[in-house]
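Chemist: Chain by chain, the residues run as shown.
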Amino acid sequence: DAGVIQSPRHEVTEMGQEVTLRCKPISGHDYLFWYRQTMMRGLELLIYFNNNVPIDDSGMPEDRFSAKMPNASFSTLKIQPSEPRDSAVYFCASTRTSGSPQYFGPGTRLTVT
Amino acid sequence: GNSVTQMEGPVTLSEEAFLTINCTYTATGYPSLFWYVQYPGEGLQLLLKATKADDKGSNKGFEATYRKETTSFHLEKGSVQVSDSAVYFCALSTGGGNKLTFGTGTQLKVEL
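Keeping their order, the protein sequence lines are chains A and B. Residues 1383 to 1495 in the numbering used here are what the first sequence spells out, letter by letter. Residues 44 to 155 in the numbering used here are what the second sequence spells out, letter by letter.
Hints are supplied without guarantee of correctness; some may be wrong.
Mimicking DSSO-like on lysine-lysine, the simulated pairs with C-alpha atoms at most 30 Å apart in a straight line are [said to hold, decoys possible]:
| id | chain 1 | residue 1 | chain 2 | residue 2 |
| --- | --- | --- | --- | --- |
| 1 | B | Lys111 | B | Lys99 |
| 2 | B | Lys152 | B | Lys99 |
| 3 | B | Lys92 | B | Lys111 |
| 4 | B | Lys95 | A | Lys1460 |
| 5 | B | Lys142 | A | Lys1450 |
| 6 | B | Lys142 | A | Lys1406 |
| 7 | B | Lys103 | A | Lys1406 |
| 8 | B | Lys142 | B | Lys103 |
| 9 | B | Lys99 | B | Lys120 |
| 10 | B | Lys120 | B | Lys142 |
| 11 | A | Lys1406 | A | Lys1450 |
| 12 | B | Lys142 | B | Lys95 |
| 13 | B | Lys120 | B | Lys103 |
| 14 | A | Lys1406 | B | Lys92 |
| 15 | B | Lys103 | B | Lys152 |
No lab work stands behind these hints: they were computed from the structure.
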């Protein structure tokens, strides 16, 4: 299997611009997770989906962040408008069943100037 | 709530040295415990796991034992290699759920 695929790998944008991060989970995995990693706060779960339905979005920092999963093989995390404090590495992960180990993508390094 | 505490890094060792990275946790119920490893520029990979007390997870020479009495899951390896240089994360989940709680990570540097 190709593993979890994320794009782009790097994104540099200016403050105020819209940013869209993309994720393709492993085929057959019913759960998809979005994480943010920063030096200050470590790894934070932002949101997760089960069968394309958002289950827990309590980690989404504010209304500027939104996530969608239109089908089982694709998800987006959007930031609009972006701010410098959003600079981080964003990871997508997937898993087959509840409680099983999660498989992480390579991450998208976002820099907002 | 759930929390995971790891020893701060970086930990710098010579090749073939013994490794211990401490991890303790606080959780409601009976958690499953995990160690993930992150190599430079990559995402996290599951290294090993344990789902109940006294279980020992092992992989690639690494081991960790689920100690309920001390709420610990320390990572050990008898002889580290330069290729083990990475950041190691201890994590837990409870109730068969999906929300992983991660520690802050411990960077390991192995030198020749």
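Chemist: Decide, hint by hint, whether the structure agrees.
Modeler: Each hint, compared with the structure:
no.: 1; hint: Lys111(B) <-> Lys99(B); result: holds (12 Å)
no.: 2; hint: Lys152(B) <-> Lys99(B); result: holds (25 Å)
no.: 3; hint: Lys92(B) <-> Lys111(B); result: holds (14 Å)
no.: 4; hint: Lys95(B) <-> Lys1460(A); result: violated (38 Å)
no.: 5; hint: Lys142(B) <-> Lys1450(A); result: holds (18 Å)
no.: 6; hint: Lys142(B) <-> Lys1406(A); result: holds (20 Å)
no.: 7; hint: Lys103(B) <-> Lys1406(A); result: holds (28 Å)
no.: 8; hint: Lys142(B) <-> Lys103(B); result: holds (26 Å)
no.: 9; hint: Lys99(B) <-> Lys120(B); result: holds (13 Å)
no.: 10; hint: Lys120(B) <-> Lys142(B); result: holds (28 Å)
no.: 11; hint: Lys1406(A) <-> Lys1450(A); result: holds (12 Å)
no.: 12; hint: Lys142(B) <-> Lys95(B); result: holds (18 Å)
no.: 13; hint: Lys120(B) <-> Lys103(B); result: holds (9 Å)
no.: 14; hint: Lys1406(A) <-> Lys92(B); result: holds (25 Å)
no.: 15; hint: Lys103(B) <-> Lys152(B); result: holds (17 Å)
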